[in-house]
Amino acid sequence: MRPGSRVVTTDDGVGLHVEFDGPPGGGDAGAPTVVFCHGFTARLAEWELQRLALRDRYRMVFWDQRGHGRSAATPLPDATIDRTGRDLAQVLDAVVPTGPVVLAGHSMGGMSIMALARRRPELFGTRVVGAFLLATSAGGLVESGLLGWLLKLVRRLHLLPLYLRVLQLVAPLLERFRWRGSPVGRWFTRRFLFGNRADADRTSVRLVQGLLEETPFPVTAAFYATFLDHEEYDSLPVLSRVPVTVVAASHDRLTPAAHGRRLAEGIGPSAQLVVVQGAGHSVNLTRTDVVDRALLDLLDRVQDGLRRAG
1 MRPGSRVVTT DDGVGLHVEF DGPPGGGDAG APTVVFCHGF TARLAEWELQ RLALRDRYRM
61 VFWDQRGHGR SAATPLPDAT IDRTGRDLAQ VLDAVVPTGP VVLAGHSMGG MSIMALARRR
121 PELFGTRVVG AFLLATSAGG LVESGLLGWL LKLVRRLHLL PLYLRVLQLV APLLERFRWR
181 GSPVGRWFTR RFLFGNRADA DRTSVRLVQG LLEETPFPVT AAFYATFLDH EEYDSLPVLS
241 RVPVTVVAAS HDRLTPAAHG RRLAEGIGPS AQLVVVQGAG HSVNLTRTDV VDRALLDLLD
301 RVQDGLRRAG
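Read left to right, the sequence shown gives residues 1 to 310 (this note's numbering).
Treat the hints with care, as some may be off.
Unchecked claim - Label-pair distances were calculated between CB atoms; the ranges are:
| no. | residue 1 | residue 2 | range |
| --- | --- | --- | --- |
| 1 | L207 | W179 | 16 to 26 angstroms |
| 2 | V170 | S250 | 49 to 59 angstroms |
| 3 | L207 | S5 | 18 to 28 angstroms |
| 4 | T203 | G30 | 34 to 44 angstroms |
| 5 | L159 | G15 | 24 to 34 angstroms |
| 6 | V275 | A45 | 17 to 27 angstroms |
| 7 | S182 | D304 | 41 to 51 angstroms |
| 8 | W179 | T126 | 41 to 51 angstroms |
| 9 | P77 | A198 | 20 to 30 angstroms |
| 10 | S182 | P269 | 39 to 49 angstroms |
| 11 | A309 | L174 | 11 to 21 angstroms |
| 12 | F192 | V170 | 23 to 33 angstroms |
| 13 | R165 | D300 | 41 to 51 angstroms |
| 14 | G30 | F188 | 39 to 49 angstroms |
No wet-lab data here; the hints were simulated from the structure.
Quick reminder that beta carbons are idealized off the backbone N, C-alpha and C, glycines included.
Work out the full structure, taking the sequences as your base and the hints as a guide.
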């Protein structure tokens with residue numbers, strides 16, 4: 001296990017890898033702890049650049065979501081956003097039991113934060129004092145087209161458990177013949193994780209491809225089923241209790257900027273919206289200066305509020 005890390009075991013027995021960083025004394029007096037939640041098929045390393053930007057001032061917590069990174073495998077029926085919201089609550093209870101917390105989530109990580117707000121609303125405005133939602137969505141990712149129609153059919157016929165069971169049975173074969181680092185995978189990464197031509201170079205695309213392809217394919221496919229009917233708009237009034245920054249990317253093909261705008265509108269006056277022109281879904285890696293500034297500005301807003309309240 002890496003120094004500055006531990007395992008948090010969830011109530012269903014899945015070990016979650018958690019890492020800590022920040023100044024030895026815990027950061028500025030009264031400063032919140034920042035808890036980072038990574039995106040789909042990534043791991044906590046995707047926040048490495050933000051870790052560097054905050055290291056001198058804030059205590060930070062990073063965790064690999066179930067089935068990702070160094071965390072243990074998940075039973076496929078539990079590869080859901082609702083479950084990752086429960087996991088986040090248990091990480092907070094285990095490693096940040098007291099003091100103010102700001103939650104930062106990219107893509108699926110932002111969805112986990114919304115699921116936490118729905119499940120544990122009492123935390124927001126008391127323990128959780130801010131949220132940073134990056135390239136994420138509260139729902140409606142697939143509302144029409146062939147995938148939307150297939151999803152409705154699967155739900156209506158109650159076939160999702162069968163889908164997950166078949167996936168579990170063929171998982172070893174899928175992994176054995178999976179081609180990581182392929183040109184097709186590189187094309188997909190460039191097309192869907194990056195924005196316009198100036199957004200990424202070959203090295204960056206290969207880096208992100210390698211990061212995303214570490215997650216076992218069956219876990220990827222199992223989580224994909226829950227994204228298709230992800231719906232967390234009811235959690236937005238809970239998030240409105242605290243300062244929130246929503247960062248959207250103009251060329252994001254996975255969670256389009258319209259989802260960020262709708263998210264900020266649903267949260268209301270406590271939310272600030274930042275739209276990064278030309279960027280794609282991996283905006284925290286390709287527009288580091290903009291994302292770091294937005295996060296630091298949010299933390300300044302949070303601390304100003306804490307000082308006034310104190």
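Of the hints stated earlier, which fail here? Per hint list: 2, 9 and 11 violated.
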